[in-house]
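Here is what each chain is made of, one letter per residue.
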Amino acid sequence: MIVTILNVVIAGLLLGGIYAVTAVGLSLQYGVARVLNIAHGEFIMLGAFITWSAFTLLGINPLVSLAICGPILFAVGYILYRTLFTRLRISSPTPGAFEGNSMLACFGLLFIIQNVAILIWGADIKGYTYLTSSVDFWGAKFSANRLITLGFALVICLLFYLFLAGTRLGKAIRAAAQDPDTAGLMGVKINQVLALCFGFGAMMAGLGGALISMCYEIQPTMGLEYTMIALIVMVLGGLGSIPGSFIGGLILGLVGSIVTYVEPGLSLVAYYVIFMLLLLAKPTGILGK
Amino acid sequence: MPILEGREVTRYFGGLAAVFNVDFEVEQGEVFGLIGPNGAGKTTLFNLISAALAPKSGSIKFRGKEITGLKPYQICRMGVARTFQTVKVFGNMSVFENVLLGASFGKRNRIASADAAKEASALLEFVGLTEATAIPAKDLTLGNQKRLEVARALATRPELLLLDEMMEGLNSTEVTRAMALVKRIQESGITVIMIEHVMKAIMNVCGRIMVLHHGAKIAEGTPKEVSADKTVIEVYFGERADA
Amino acid sequence: MGIGKTSSKNVFVMGLVLLILILLAAAPLYASIYTVILLTSVLMYVIIAVSWTLFSGPTGYISLASAAFFGAGIYTSAILGNTLPLPLVIVLGGLISFCLALLVGALTLRLKGIYFVMFTFGLVELLLHFIMWWEVNITGTTGRVVPPVANTTVFYIMLMILVILLLTALFIRRSRYGLALQSIGENEEAASHSGVHVTALKIIIYAVSAFFMGAAGAVMATRWTYIDPTIAFNPLISFMPVLMAIFGGIQPLYGPIIGAGIFTYLEQFLITRFPYYYMLIFGIFMLVAILYMPEGLVGLAQRIWKKSSGKKHADT
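Which chain is which? The protein sequence lines are X, P and H, in order.
Numbered as in the working numbering, the first sequence ends at 289 without a single skipped number.
Numbered as in the working numbering, the second sequence ends at 532 without a single skipped number.
Numbered as in the working numbering, the third sequence ends at 848 without a single skipped number.
Simulated from the structure, these hints should not be mistaken for laboratory data.
Since the model is a prediction, treat every value here as computed from it, not as a measurement.
Accuracy of the hints is not assured; some may be wrong.
Stated by the list, open to error - Calculated pairs, EDC-like style, for lysine to aspartate or glutamate (alpha carbon to alpha carbon, straight line, at most 20 Å): (1) P/345 x P/294; (2) P/360 x H/720; (3) P/350 x P/448; (4) P/377 x H/720; (5) P/360 x H/721; (6) P/396 x H/720; (7) P/345 x P/355; (8) P/472 x P/319; (9) P/396 x H/721; (10) P/427 x H/721; (11) H/644 x H/720; (12) P/350 x P/404; (13) P/513 x P/523; (14) P/350 x P/319; (15) P/377 x H/721; (16) P/345 x P/420; (17) P/427 x H/720; (18) P/354 x P/294.
Input sequences plus hints: build the corresponding full structure.
Take a look at the structure:
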């Protein structure tokens with residue numbers, strides 16, 4: 001009995017760790033840069049596939065790939081913001097129009113990135129095995145890769161938290177998240193900060209994707225589901241709250257694990273039920289304003 | 290019975306009391322002024338009356354009926370209309386369409402489209418915007434947009450009209466015209482509450498004034514009484530007031 | 533009423549639309565069966581685009597759930613097509629989508645628009661997963677067979693749905709509700725303070741738009757003999773109307789029609805020439821349209837027309 005509970009809880013944390021990393025990324029993009037990046041899942045997918053390619057073609061350790069995916073996706077996000085979204089920000093008459101337009105632009109990106117991925121890697125399911133040996137935890141068996149994934153997810157979030165709390169740039173980001181105009185007046189180079197945030201958001205997605213590829217099979221069409229989950233986590237944690245996304249991710253991961261134990265195949269439905277309950281009772285989420 | 294009555298109306302934003310324990314009574318047919326320095330809570334009070342916001346505590350009664358907890362469209366249909374401090378006209382719709390919207394939806398009972406159109410035209414004449422009938426609202430001057438908002442509010446056939454800084458940004462000729470419009474509105478039987486900073490207008494048009502400061506009522510009375518009130522003078526001019 | 537501008541330009545366009553409709557109605561008499569099938573696809577895209585624009589155009593709330601409503605219609609046909617007559621199935625397909633939209637609207641439309649976007653975005657995937665789970669675990673069937681219907685019949689039914697949709701859209705647009713919808717898009721707070729029951733109106737119009745998508749789905753289901761959730765719920769169907777409406781412009785009624793027409797032709801062209809790239813190309817089109825044509829082709833044309841006629845509004 002205890003073993004079962006432990007199984008479910010740790011599996012939930014595993015899942016939650018991944019959800020947390022990806023949701024924090026999306027929260028950076030929406031909460032600060034005000035872009036509802038519905039192509040977020042595609043960045044996750046890219047991270048997963050870059051890691052897969054690095055492993056199967058070049059034999060690079062997936063954990064090392066974290067250091068590859070991160071910067072690559074960061075660059076992609078940063079450049080995208082500096083070119084596409086900055087241009088949209090200028091041409092949109094109101095902030096509301098910008099949110100709408102940027103969301104639609106992301107919709108376009110979704111199709112572009114997904115189809116480019118299909119062209120490069122083909123549409124089939126792919127996977128690789130890495131560190132699948134079992135580790136024993138008080139009678140519950142876990143494959144090493146999942147434990148490492150959880151560990152790295154938590155480390156990534158911790159590092160990022162320290163970055164936000166401790167560094168000057170981190171503080172600038174938090175200021176921009178609260179009030180971009182005032183932050184700009186205080187000398188924060190807003191355009192730069194927003195672009196960096198979007199880049200960091202993409203980077204988190206890429207890292208999340210790399211971690212996912214270590215534990216699960218991947219497919220170029222996997223992105224949509226992860227985007228949905230990241231959105232629900234964001235609402236659960238509170239729109240605009242980065243720590244909220246972290247907590248929300250862990251919670252949703254636990255829920256997913258419990259539901260999968262009881263009735264596999266219904267986890268997405270369960271997430272949506274939570275979404276609906278939030279909308280009815282507390283749309284601002286756990287830590288939202 | 291006063292047409293509008295507020296008892297201990299309170300609203301917080303975070304930890305700050307935007308409006309605190311405010312009592313007020315507005316009699317039918319009067320022009321009631323609401324003044325106070327920036328941030329005193331005047332627009333918040335309007336928002337509480339029109340249900341754009343909900344009060345933390347306290348009650349607001351219109352014609353004896355409790356209106357806190359209702360939705361804005363319900364309060365409008367009951368007979369309370371307002372204008373906004375930052376003008377909210379429907380920019381891409383024509384001047385006529387703006388007023389027509391109020392005429393079509395703002396009343397308790399549905400009226401026929403032809404009648405709504407007639408009312409809209411009549412109101413445009415009342416505020417003096419007939420020449421601009423077909424122009425998109427966003428192309429009007431600020432002063433005219435404010436008049437449009439008034440026309441739209443009047444189209445809902447209110448018994449009580451809340452005017453929020455209608456004269457802000459107007460030059461003195463426009464202010465005189467606006468004062469005349471308020472008088473005409475009062476003469477048509479509508480009770481008016483005005484938030485204003487333009488003292489000339491307040492003093493000349495209002496029968497009674499209430500002064501808010503930091504969310505609390507600090508004075509109330511006729512313009513003469515209020516302008517002589519020591520607390521009010523302090524608040525507006527600081528301690529160095531001419532005795 | 534006096535709201536709709538009966539300028540000569542609008543009369544011309546309406547006459548054109550009427551002419552096109554008559555030509556379409558006669559199509560099976562003079563065109564090949566292949567053309568009729570192609571035209572049916574055009575009609576499908578037009579119906580979805582116009583329905584989408586009916587709600588999202590004036591209010592500015594971007595619905596990404598078109599595929600969910602269309603798919604719900606398809607599935608209604610799949611489940612009931614063997615037991616009930618076609619007209620009833622079509623109406624039921626519309627009604628089920630209508631109810632689904634009422635639910636979505638009631639949940640999200642009283643909140644900020646962003647919740648609506650997020651919820652509708654995931655709806656397709658959700659329905660897909662749920663129905664798949666249901667079929668695997670509860671009914672034991674995966675996929676169903678739909679009884680086929682003659683191509684010309686499908687064509688005429690779709691044409692009829694389109695005509696009813698256009699009439700509905702026109703009626704709404706010219707009524708006080710069209711005015712109210714526009715006012716909601718312009719400034720929701722001012723609209724509600726002017727007596728418009730904003731939430732109720734949004735929900736109803738959204739549901740009406742979903743009805744037509746559901747009905748269209750129920751008819752089109754007869755084209756695929758085999759339906760399973762992955763076929764019925766295709767995210768591309770959510771993407772296309774947005775793209776078409778943006779390309780064609782969302783404000784005037786005929787904008788999405790033009791956009792849908794162009795895009796169906798483009799899709800057919802691209803699918804045959806670049807079967808592997810066409811979705812990618814559409815994604816690029818989407819970006820280009822957002823960046824350089826925020827008002828769509830029709831809006832662009834209007835801007836040019838205004839500039840060339842030198843109109844400028846004098847302030848009073």
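Worksheet item: Can you give the numbers of the hints that this structure goes against, from lowest to highest?
Response: 12, 16
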